[in-house]
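Protein chains in written order, with the working numbering: chain U, 1 to 203; chain H, 1001 to 1445.
I should point out that these hints are in silico values taken from the structure, not numbers from a laboratory. Fair warning: there could be bad hints in the mix.
[As the list claims (entries may be wrong)] Here are the simulated DSS-like cross-link-like pairs (lysine-lysine), alpha carbons at most 25 Å apart as the crow flies:
| id | chain 1 | residue 1 | chain 2 | residue 2 |
| --- | --- | --- | --- | --- |
| 1 | H | K1319 | H | K1286 |
| 2 | H | K1286 | U | K130 |
| 3 | H | K1444 | U | K130 |
| 4 | H | K1444 | H | K1305 |
| 5 | H | K1319 | U | K130 |
[Said to hold, decoys possible] If you anchor each label on the Cβ, the simulated ranges turn out as follows:
| id | chain 1 | residue 1 | chain 2 | residue 2 | range |
| --- | --- | --- | --- | --- | --- |
| 6 | H | V1189 | U | R147 | 43 to 53 Å |
| 7 | U | A200 | H | E1182 | 21 to 31 Å |
| 8 | H | A1130 | U | A68 | 32 to 42 Å |
| 9 | U | N18 | H | Q1351 | 33 to 43 Å |
| 10 | H | R1069 | U | E115 | 53 to 63 Å |
| 11 | U | A40 | H | H1239 | 41 to 51 Å |
| 12 | U | P50 | H | G1140 | 54 to 64 Å |
| 13 | U | A135 | H | T1442 | 22 to 32 Å |
Don't be surprised by glycine CBs; every beta carbon is placed ideally from N, CA and C.
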Amino acid sequence: MRQLALGISPPPDPSFDNFVPGANGELLARLRELVDGRLAENIFYLWGEPGSGRSHLLAAAARAATRALVAADDVEALDDAQQRVLFNCINEARESGSAVLAAGSAPPAQLPLREDLRSRLAWGLVYQVKPLSDAERALYLRAEAARRGMRLADEVVWYLLTHVRRDLPSLGAILDELDRLSLERQRHITLPLVREALKAFAP
Amino acid sequence: MHSLWDCCLRRLAQELPAQQFTTWIRPLAPEVHASEPGALVLVAPNRFVLELVRERFASLIKRIATEARGQEIELRLVLARAPQAPARPPAPVSTGSGAGPAPNLERARLNPAFTFDSFVTGKANQLARAAAVQVAENPGISYNPLFIYGGVGLGKTHLVQAIGNALAAQRPQARIRYSHAEQYVTDVVRAYQQKSFDEFKRYYHSLDLLLIDDIQFFSNKDRTQEEFFYAFNALVEAHKQIVITCDTYPKEIAGMQERLISRFGWGLTVAIEAPELEMRVAIVLKKAEAEGVALHEDIAFFVAKHVRSNVRELEGALKKVFAFARFTGRELSLDLAREALRDILNVANRQITVEGIQKTVADYFKIKPADMHSKRRTRNIARPRQVAMALAKDLTQMSLPEIGEAFGNRDHTTVLHACRTVATLRKKDLTLNRDYHVLEQTLKG
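The task is simple: from the sequences and hints, build the whole structure.
Next up, the structure:
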């Protein structure tokens, strides 16, 4: 009989503390200042590849904010009406001193947006969310595994980093699958188990 | 108190690297009038130094002062009153005494930082500036309306608000209103919903100076255009000044009633062009000055040369440089600026794809892009292919099987082997190491 695993370990809420900074120390320090009003600048734009942690940072900022803060994610996909709203928010923030935090897939110069909105995003502080190095990804994998109550041998970490897409959501998803599979099979995390888990992700 | 700070200076000079000491600690001065015995008040010459010292050295200074005095010392950092700052418009006088200028400015929604003094002039905008000054000096008489058009972020808002601020300074009782076109549209809609058009009309028709920013947002808003038409006629008839900005020449505005377009041409129409390099440098220097930072011209030149599009982006770039200097505690320099602006500059090739890597590497080694996928194993083709694979691993988040697939359906172990081979070779073969480095920098932009 198959033991079915119960999904009972919800991921923790995104926070600044559970973000792996990697090369993003400056960005993180500035963002903390922005959300509690210690930063002189009040327009903040961050960009990065999908999976680099933009949405995590936005959610963490929204949760930690002790001031009026408008957060806008995936700005490259805003339609005309939404662009108008964001445009007005930025003008409003300039006048009233509230803050706007926006995130997107590309630096301001490359966003397919209204020119006057695009240049306003470039007006404030702009940061790239830089991807992690493989060593930092290994740390992330171990920490995320520990949170799920798993321990990963070095060879497993290495195997994952050479076989899976290395953005954080992909790595998180494979850990979820490993967690489920190891509970269901009552087995430790071994390479054969990893290979089986990867089948669930095969195209 | 003075001797306490001297004491601290000696200790700080010992504890901090000389460069940090001269850059950040030397400029601080003790506040001489401070009389509380338990406090050390330090005056920073500008906000930049103030923030950096607060962030990085405050606790150290406090500890040293406490030790020197043998009692708990409270450290306070204050900003020097800025005599070196450019002339600022009169700060809104505190409210309370009847109809002073303060409530007027408040009503007008003017940003007091936008003045003629803080507006950098060059070939691109000197005509527009001259017209604006004229209008501020003789409102309603010289050019009515003044119509200023140009691309985004070139300073149109700054210029029209400068007109408002100049008039408010000369004639505190003048009724002035700055309104972004979107705001005006919202006001019309609200007046419509609340059936308060009479009040709306009374307010707008009684102004001495109406500044409407970005009028292209009236496009296809018929009710707004109609209301504005009445306001326009009433104001011009009463010799009250109207200033309008737009992103384009009046005849080019889409969705605008003909009768409005023809009225826009009654006065003077002037363009603001994109600033040339020389002027961009001046803008950067002026912005730095407003922040209380004496910026070296090298750095201003670097920023101005790389950020071409508009003034707003220049400002953003400068902020980035200051923020980075503050974070790293390094002195402002060309290298620092270059590093700080990586997130904004040279971004054209920032989105690195495996196809981009293959093409760049093939071009670099003068082989055919198709050889990246081919089965050929001669050294002059296999080696570049391995380099490309290693770059794909380092510069993208793709999995190794995905990378293998992109290189003619190779196995992920082939990719792994390529990465190891390249890593080993880079340690022994200086030429290859340099090639790799150049390619990496080229791809990263």
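With a cut-off of 25 Å on the C-alpha distance, tell me whether H/K1319 and H/K1286 pass.
-> holds, 13 Å
Satisfaction of hint between U/K130 and H/K1444, Cα-Cα up to 25 Å = Judged against 25 Å, a Cα distance of about 12 Å means the pair holds.
For the pair supplied as a hint, H/K1319 and U/K130, confirm whether the alpha-carbon distance does not exceed 25 Å.
-> holds, 20 Å
Using the C-beta atoms of H/R1069 and U/E115, is the stated range 53 to 63 Å upheld?
-> holds, 58 Å
Would you check the hint for H/K1286 and U/K130, treating anything up to 25 Å between C-alpha atoms as holding?
-> With Cα atoms ~32 Å apart, H/K1286 and U/K130 exceed 25 Å; violated.
Between H/V1189 and U/R147, does the C-beta distance stay in 43 to 53 Å?
-> holds, 50 Å
Given the hint that H/K1444 pairs with H/K1305, does the C-alpha gap stay at or below 25 Å?
-> Holds, because 20 Å separates the two Cα atoms, which is no more than 25 Å.
Between U/P50 and H/G1140, does the C-beta distance stay in 54 to 64 Å?
-> holds, 55 Å
For the range 41 to 51 Å, tell me whether the beta carbons of U/A40 and H/H1239 fit it or not.
-> holds, 42 Å
Honestly, do U/A135 and H/T1442 meet the 22 to 32 Å range at C-beta?
-> holds, 24 Å
Outcome for the supplied range 33 to 43 Å, where the beta carbon pair is U/N18 and H/Q1351 = violated, 27 Å
Return holds or violated for the Cβ distance of U/A200 and H/E1182 against the range 21 to 31 Å.
-> violated, 49 Å
The structure is inconsistent with the numbered hints 2, 7 and 9, although it conforms to all the rest.
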